[in-house]
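Novice: Read off the chains here:
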Amino acid sequence: MKRRNFLKACLIGGTTIALGKTNKGYASGSFEGYPEAMGVLVDTTRCIGCRSCEAACNKEQKLPEPDTSFDDPSVFEHDRRPTAKAYTVVNRYQKEQPSGPVYRKVQCNHCNEPACLTSCFVNAYTKTQEGAVIYNSKVCVGCRNCMIACPFNAPGYDYDSATNPVVKKCILCYDTRLKYGRPPACVEICPQEALTFGHRADLIKLAHERIRATPDRYVDHVYGEKEVGGTSWLYLAPVGFDKLGFDTTLSNDPIISNVKDFLGMVPMVLSIWPALFSGIHLLCKNQEHGEHGHDTDSNQEDTKP
Amino acid sequence: MSSYKHLIVAALSIGAISVSSPAALQCAPVPDSITLNPNGKLFSPFTFNHSKHIQSIKECADCHHHTTGTLVLDPNCVRCHQNSSPTAVVSCKGCHSATPFSPETLAAKRADKQRYHLDKMGLKGAMHQNCIGCHTKVGNGPTGCQDCHPRTKEGAAFYSTNRKGAKPAHAEEE
Ligand code: SF4
Ligand code: SF4
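Protein chains in written order, with the numbering used here: chain X, 8 to 312; chain G, 1123 to 1296.
The hints are simulated quantities; they were obtained by calculation from the structure and are not laboratory data. Keep in mind that a hint or two might mislead.
Capping the alpha-carbon separation at 30 angstroms, the derived lysine-lysine pairs in DSSO-like fashion look like this [what the hints assert, rightly or not]: (1) X:Lys-212 with G:Lys-1231; (2) X:Lys-69 with G:Lys-1286; (3) G:Lys-1242 with X:Lys-212.
Can you make the complete structure from the sequences, with help from the hints?
Specialist: Right under this line is the structure:
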């Protein structure tokens, strides 16, 4: 959270001062997502924590072998986040509850208005009309702005390649499946059908219908329907989402509205990027210090005759 | 459908009181055993002991919903299926698609504006939720993957079973 605010401050401060207002960007908050966008509804009341989805992702995306097998339950002892070697992970919550543990699959949520996309200097990200947020690792310079901007901590950083460090994340199996209308590998393998694939608009209706038909089973909220402007991955839960590690402090406004002006800087960034970057850094530092200094100054001024 | 568990619990409590002969036995031929997962790649095919389950569960509707013509207990189903007669097909795969998310299935679903069961589970989901759901609730049936269907060689590779014992997977934390 802190890091992100820091970045926002830098971006906004940097843009206003360096460029003034730019026109480039989206009409923030008004974009409902592509009408034909697909999505996945995760019903955490169905998930049994078998981690088949993790295994399927590993094979589909040709990721390196995991450190321990996908049967190893010891991974549940810690909260995990997606990494460059595992685009999706399953975490366990509510272990001590009599109703039993609740498992939650985590991955990139494929936002309608992705903060990763707007924060990227080199336009590496694309939101496809099928709903996937994909990226071009050939142009990624490894600056990690998207990692800081993402409200869900989705992008992972590949430290292994020193020559070409890149960010990696779930792409909804775009290249191999989604493009052809097929469900992602995790959805296809899930034995419990905890993952339902379909048009995002239909999934929202399904989710509310499940809540209506079995109100004792769910809390009355579909996570991702509105959060940060809506996401292609949606969640249902049996207990408050805050108890399952979800960030329930996110607003319904896309994070894009805070950083969109930054897109206008892209052409310039390409030419004077290093200088600009250190400039923004300094600027932010100065802003922090400056505020303090200003207070003191004005106090001093007040005491002056 | 998400109501399986409720259905099972409700049915079991009633089933214990009214021990009558299952109505399904009176109509279509009922198989004693069924081979499930016949084309399994990661997990082997296995035999499901149908007659044993009939004996212990007694209520056909627990698994077969309204299709066998027996009393349906789920309050959501009862609204339409209170007096439904037996259907021609009662097997799981007769209604639950093996490819619930294929482009064809999704397109057909979207095109059919009259369809009520928009959230019908696929075959794999229906079976796992039904079996594991009941086995967990009743507490005396297998719930682990390999308790029912052993892994094939391909399955072992898929789950990277040779990697056991190393440090916790993906230990790289935030
Ligand atoms: S979850 Fe993060 S990485 Fe995924 S689309 Fe949204 S902002 Fe981008
Ligand atoms: S495959 Fe399905 S049931 Fe298994 S952990 Fe993943 S989401 Fe849960």
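Novice: Take the hints in turn and mark each one as holding or not.
Specialist: Evaluated hints:
1. X:Lys-212 with G:Lys-1231: holds, 14 angstroms
2. X:Lys-69 with G:Lys-1286: Holds, because 20 angstroms separates the two Cα atoms, which is no more than 30 angstroms.
3. G:Lys-1242 with X:Lys-212: Measuring from Cα to Cα gives roughly 14 angstroms; hence the hint holds.
In this structure, every one of the numbered hints holds.
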